[in-house]
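S.K.: In case you want the letters, here they are:
Protein chains: 4
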Amino acid sequence: MRLSLSILVFILAASNPVEAQSWQPPADTDRCPSQWGAGDQRGSGNHMSARTVLRATGLIRTGTVVELSHVLSDTMPFFGTRKFEITTKRTFMNPGTNRRGSNEEMIHGEMGQIGTQFDAFSHQTIGDSLYNCFRLDDIATRSGFTKLGVENVGTLMTRGVIIDVAAVRNASPLAANHEITPADLQAALREQNITLEKGDAILIRTGWSRYWGTDNTRYGNASPGIGVAAAQWLARQDPMLIGADNPSVEISPNPDPKLSLPVHQILLAVNGIHLLENLKLEELAAKKVYEFAFVIQPLRMKGATGSTVAPVAIY
Amino acid sequence: MRLSLSILVFILAASNPVEAQSWQPPADTDRCPSQWGAGDQRGSGNHMSARTVLRATGLIRTGTVVELSHVLSDTMPFFGTRKFEITTKRTFMNPGTNRRGSNEEMIHGEMGQIGTQFDAFSHQTIGDSLYNCFRLDDIATRSGFTKLGVENVGTLMTRGVIIDVAAVRNASPLAANHEITPADLQAALREQNITLEKGDAILIRTGWSRYWGTDNTRYGNASPGIGVAAAQWLARQDPMLIGADNPSVEISPNPDPKLSLPVHQILLAVNGIHLLENLKLEELAAKKVYEFAFVIQPLRMKGATGSTVAPVAIY
Amino acid sequence: MRLSLSILVFILAASNPVEAQSWQPPADTDRCPSQWGAGDQRGSGNHMSARTVLRATGLIRTGTVVELSHVLSDTMPFFGTRKFEITTKRTFMNPGTNRRGSNEEMIHGEMGQIGTQFDAFSHQTIGDSLYNCFRLDDIATRSGFTKLGVENVGTLMTRGVIIDVAAVRNASPLAANHEITPADLQAALREQNITLEKGDAILIRTGWSRYWGTDNTRYGNASPGIGVAAAQWLARQDPMLIGADNPSVEISPNPDPKLSLPVHQILLAVNGIHLLENLKLEELAAKKVYEFAFVIQPLRMKGATGSTVAPVAIY
Amino acid sequence: MRLSLSILVFILAASNPVEAQSWQPPADTDRCPSQWGAGDQRGSGNHMSARTVLRATGLIRTGTVVELSHVLSDTMPFFGTRKFEITTKRTFMNPGTNRRGSNEEMIHGEMGQIGTQFDAFSHQTIGDSLYNCFRLDDIATRSGFTKLGVENVGTLMTRGVIIDVAAVRNASPLAANHEITPADLQAALREQNITLEKGDAILIRTGWSRYWGTDNTRYGNASPGIGVAAAQWLARQDPMLIGADNPSVEISPNPDPKLSLPVHQILLAVNGIHLLENLKLEELAAKKVYEFAFVIQPLRMKGATGSTVAPVAIY
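Chains as they are written, first to last, in the working numbering: chain A, 1 to 315; chain B, 1001 to 1315; chain C, 2001 to 2315; chain D, 3001 to 3315.
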């Protein structure tokens, strides 16, 4: 019996689609110490240097600043039970002839994991092991982590690059079940005539942010994003962070129903690369501004797993 | 002519510096609309423009980034009953073969008014009137302000200038009861050979941050800072913001015991100029770096009175 | 022309149902001081005395205790944005050879106004005036009320009486738009052969609690309860408190669309009678136990507007 | 050689004071299942029955009610980082002609473990094992415990008995390092002419509450209370709960420096007996009312480790 090559490929592919997708976390010995050395807590944040700052500075030509974050409010989409709550402490009228009233507010919520948000390495584990094989029991306390907290990050400034997959696939937004592949990323970069460099802030556009605030249920239910293969390809480009305009950067749920957000483990725990979720990229995409100075200031909250942020593109 | 002692004392008292210090909030008609027009909510934030960004960019020469904020933790100094609390939500082990554990935390506190902090115009009133004569009853809700919230600010990037009063007065820190005067500021600027420009981020060094985390009680009790005259002089320089390495920017308590933090009213309510408190300026001062690109990203919390921040100097 | 009486009544009733319902808050001078005297903060709580305790004690015959509250959890119905949140502070392992682990939890929510809840007099106003004409500006602070707080209440023990309107109207639950009238209450009392006495805890059964936890949206949307006329009739009975197995004790929304929960004002502000909401009365109703010792222990939270509670019937 | 008895006793006592005190948690097999059977979650709460209610009812003669709890406020003593915070949500003015203003408050704190407080069995562990050998990993979630939560308790009503050790030892308060022994308890009971019965609520008076609110630091630092021997003796009396007017019921710190609050383990984990801390017993002691109906209503918070409470004595 003779089979053409294309038929053979079809049979092989169809026979085991889950196998193709499937992924297992690597053994600790295969991932630790990280490329940044035993005990390192900064991971991809180590790329931050005078070189990345000056490279980014060179991209500022017109002085335009574009906000890449959503406004924080209690009407934004929330993952699971997370929340953001403001309770106004209305006017305390101070003693004094100058009638000085002072307002403030209690804020309550998962401030590390809401809104446009930056993930630190204490956020995700493989079993009881985190980035660089720190052990959960060794670093977790009732009130934060003694290692891998977001206070280790500080301001990051580097070249930012948008990979506009929604544009190159001519679908804005991408379908909820669209797994972004390495081929998608490469096609978009070709189209945009951009070459990635080590230490970039790579921001992937899916177009999904159109549902932020307009259809929060849809925004959070299932969303397009990078899959395992794309995450591994991106990790090899050695960026400073990987962001997207969707809830999880990665496709959710994963096409392999046995896996729960594996890209979070691949990037945070295995490779020590920060994630940046719920970006707003529409303005830059409309202007076809794909390269710019990227600046982000995660709050320096001791022992926290991440930070809500308000990053910008400057060009 | 002969004067009795009691008459002499009376004359000296009447002529004296406390009278000179004393200040009354101006009538609404004398301060509204602001220079930025009726209904304006951005005040000094209106200085933010391509021009200030490019001017700041031109100051980035070596790619050095210096953090100007303190780390947020429950052991930092707090004003009054304010607090910052992290409660770890330890490992939720997700279903899936990839054993993905997820950590996050509840954060609770006055996130607009703790740590290194940026004041929006909803923070302070003169009676029931705020910046640009917005009325408290018109804009206050149980969960934020409908006008003048910190979400109106966004990233600010401009030339940053340190005025090192501690250095020029040869007292680091300045004494707790040292009221910084216009003469102090001018002397420091002369010594540093710096001229202020409209739209600058002016950062005043008192040296007081040495007690942050080392003697929190002393840090918060009484502290040196600008007085009424200096605030009025600085307001005339028309900056984008005024910051300091002390709890209130201004001297606290005010030398006039009848006044409660009048500089807060002069800058926020009367002139619409943002304040930035609890900075960390020691590294820049030690290096005598007095001019740099200043970048700050207040959280965009809808209706909040301010934001804890993590600004940087870049040069 | 001749009309039968019933037709005449129908015409009169139909011609102006809203007018009949409509109510205006009385002037301050018509309601203050309260029957308990100027400056009184305890209102109907003043009924609590050895007499009410002994009367209740006399009703304890079998030693049976019936819980009248719902369990507090984040899956219960909430009014508006109220919430109840438990964040476990998992195991702090204390030093010592005895391996003592300690668990506790942060609780966050409107603990005065969730679950089965008891209303204090600081909860509701008529304009800026509260029970006994205390003024809001005089007693409200950022962190509680200096008068009328729930800490003034303490344990209440008195005769409890159920008025089972659902049973007498043969509709369990009553329709969502059923306004309970004085006639409804009187019919039920007759049927049950019960006479109200001063100082009773009057608990009205609508049957609405069947939707608690089974259809939370329905539970909170619109619900049957007493109207203005019934509230005024009940107030004249001079009870220690009035409770019900619905969200607001009163019908919600009020049949008069111009009124917002007027019974809250009639009972709390005008008459100084405590309210008790979200009761669970099914077990007592099924057993036809209409009279019992009623015991409630509001938390003594300084300056709070109410307390979540776990009252019981004992008989 | 002959020794008098007193010298012999001295030698025995002096030879090993720590051994005498020292205690090791029993093996799981020695303490599980509890006397209430495998899987039981109610422990000493199982004593609650018609019998205890009627016995208590019989003690109500004058109708007097005495509050045994402290008022909850942010100025009370707190253990460690625990807190109680009220943030007023001032007046929401509802739409409607009746000008109904509504006040409520956010409450934030360890509501299971502050103020006068009742301990459930999820509060304390021996290693990773709790009462009746429930395992921590099996029952702990991010938001409460699936077993042994305080919602299993409900109202308790039983005979309350005060053991006034402070009176019998003629020291009110007892010295901070006074370990209450079985002999102390027995002497007080003899003096008071009281015999303990199964199912009693045993309340031990140390007099320590005099420092509550007057010297909070002293109140919390070191305090008198029952030791290991007294706890074991009391457990054999098989009460419904054991309370005291001090922070921990037990002496703190334990005289054996190697042990951390062992009585918590002995009563909660080993014997399944509830604890009740920070009581206010002065009024009853002054009146020498040693026997009464005791009523407590722990909040029914799903999965919580305890509840702040407002119990009373009725007699």
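To be clear, the hints were calculated from the coordinates, so they are not data collected in a lab. For each residue, glycine too, the CB sits at the ideal point set by N, CA and C. Don't take every hint at face value.
Pair ranges (Cβ atoms, derived) [unchecked claim]:
id	chain 1	residue 1	chain 2	residue 2	range
1	D	Trp3233	C	Ala2187	54 to 64 Å
2	C	Thr2075	A	Asn170	20 to 30 Å
3	C	Thr2075	D	Asn3193	43 to 53 Å
4	D	Trp3233	A	Arg135	40 to 50 Å
5	A	Arg135	B	Gly1080	54 to 64 Å
6	D	Leu3054	A	Pro257	18 to 28 Å
7	C	Ala2187	D	Phe3079	19 to 29 Å
S.K.: Decide, hint by hint, whether the structure agrees.
M.R.: Verification of the supplied hints:
{"no.": "1", "hint": "D:Trp3233 <-> C:Ala2187: 54 to 64 Å", "verdict": "holds, 59 Å"}
{"no.": "2", "hint": "C:Thr2075 <-> A:Asn170: 20 to 30 Å", "verdict": "violated, 44 Å"}
{"no.": "3", "hint": "C:Thr2075 <-> D:Asn3193: 43 to 53 Å", "verdict": "holds, 51 Å"}
{"no.": "4", "hint": "D:Trp3233 <-> A:Arg135: 40 to 50 Å", "verdict": "holds, 43 Å"}
{"no.": "5", "hint": "A:Arg135 <-> B:Gly1080: 54 to 64 Å", "verdict": "violated, 39 Å"}
{"no.": "6", "hint": "D:Leu3054 <-> A:Pro257: 18 to 28 Å", "verdict": "violated, 59 Å"}
{"no.": "7", "hint": "C:Ala2187 <-> D:Phe3079: 19 to 29 Å", "verdict": "violated, 54 Å"}
Violated hints for the displayed structure, listed by number in ascending order: 2, 5, 6 and 7.
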